[in-house]
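Undergrad: What follows is each chain in one-letter form.
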Amino acid sequence: MNTPARRLWLVRVGGLACSLAVTPAGATRDGMLAQIARFTGGASPRSGKVEMTLPEIVENGNSVPVTVTVPSPMTEREHVRRIAVFTEKNPHPGVIEVFLGPTAGRAQVSFRMRMADSQQVSAVAELSDGSFWIATLDVVVALAACLE
Amino acid sequence: MTQALLNLPPRVRAGEVFEVRALIAHPMETGLRTGPDGGTVPRNIIAQFRCTYDGVDVFRATLHPAITANPYLAFFVRATRSGPLECIWTDERGEAQRARAMVTVE
Numbered sequence: 006m007n008t009p010a011r012r013l014w015l016v017r018v019g020g021l022a023c024s025l026a027v028t029p030a031g032a033t034r035d036g037m038l039a040q041i042a043r044f045t046g047g048a049s050p051r052s053g054k055v056e057m058t059l060p061e062i063v064e065n066g067n068s069v070p071v072t073v074t075v076p077s078p079m080t081e082r083e084h085v086r087r088i089a090v091f092t093e094k095n096p097h098p099g100v101i102e103v104f105l106g107p108t109a110g111r112a113q114v115s116f117r118m119r120m121a122d123s124q125q126v127s128a129v130a131e132l133s134d135g136s137f138w139i140a141t142l143d144v145v146v147a148l149a150a151c152l153e
Numbered sequence: 010m011t012q013a014l015l016n017l018p019p020r021v022r023a024g025e026v027f028e029v030r031a032l033i034a035h036p037m038e039t040g041l042r043t044g045p046d047g048g049t050v051p052r053n054i055i056a057q058f059r060c061t062y063d064g065v066d067v068f069r070a071t072l073h074p075a076i077t078a079n080p081y082l083a084f085f086v087r088a089t090r091s092g093p094l095e096c097i098w099t100d101e102r103g104e105a106q107r108a109r110a111m112v113t114v115e
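Respectively, the protein sequence lines represent chains A and B.
Basically my numbering = 1-based index in the first sequence + 5.
Basically my numbering = 1-based index in the second sequence + 9.
The reader is advised that the hints may include incorrect statements.
Stated by the list, open to error - Far from chain A by the CB rule (all over 12 Å, computed), these chain B residues:
1. Gly24
2. Arg30
3. Thr39
4. Gly48
5. His73
6. Glu95
7. Glu104
8. Glu115
As the list claims (entries may be wrong) - Computed footprint of chain A on chain B, listed as stretches where at least three residues anywhere in the stretch have a Cβ under 8 Å from a Cβ of chain A:
9. 16-23
10. 74-87
Bear in mind the hints are in silico, worked out from the structure with no lab data behind them.
Idealized CB from N, CA, C, for every residue including glycine.
Assemble the whole structure, with the sequences as input and the hints as a guide.
TA: If you want it as structure tokens, here you go:
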């Protein structure tokens with residue numbers, strides 16, 4: 006009985022077990038939006054510019070490779086100042102905050118993250134002109150990082 | 010006893026943008042995990058990462074518990090002249106680990 010429905014059920018029950026095992030303090034969409042607002046100083050980021058690469062279906066939530074790229078000439082006049090990544094349902098919405106400058110040459114960062122559940126992941130970038138840009142992806146996690 | 014790895018190209022041209030890959034051994038305890046004694050394992054993550062090149066800050070990151078154990082970071086730096094590239098990882102107990110590599114500009 007290895008049907009997709011059964012798999013989905015296993016994923017959901019697994020996710021439920023994880024969410025019971027930990028106390029997801031900031032694990033809400035509002036928590037994530039509040040963190041993004043804190044990062045942008047209240048400004049609402051526009052969609053675009055930010056490119057985020059991560060698997061759409063994650064087998065193991067304990068280690069998810071993520072790459073965030075923002076096309077930019079990275080000059081003194083025009084560069085990316087900060088990049089931050091947020092999650093919707095992890096116990097803490099913040100994942101990473103990166104500080105860049107013209108010396109970086111390319112606004113790109115790669116890292117590995119934990120994911121406690123299937124959820125939305127957002128990457129926000131602040132450019133040197135003070136504008137904020139966002140990219141959001143829906144990610145399905147098969148085996149959640151229970152201990153996150 | 011170094012538990013950190015730093016990888017960059019052996020030689021770069023002036024003005025070239027090169028990739029730096031940094032990996033360190035660290036449990037990144039979230040403070041949410043139950044230990045063998047049934048109690049909570051106290052939180053201790055690497056919260057700060059800094060990379061300097063020729064004495065100038067080129068990359069800085071604040072990490073949160075969602076970053077995996079043994080954190081891996083890859084980022085880019087524009088080559089100017091030959092000099093040391095140093096990475097410093099600082100955890101929440103204030104312990105700092107360093108790794109150093111030479112950038113050779115042709």
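Undergrad: Hint by hint, which ones does the structure fall short of?
TA: 1, 2, 3, 5 and 9
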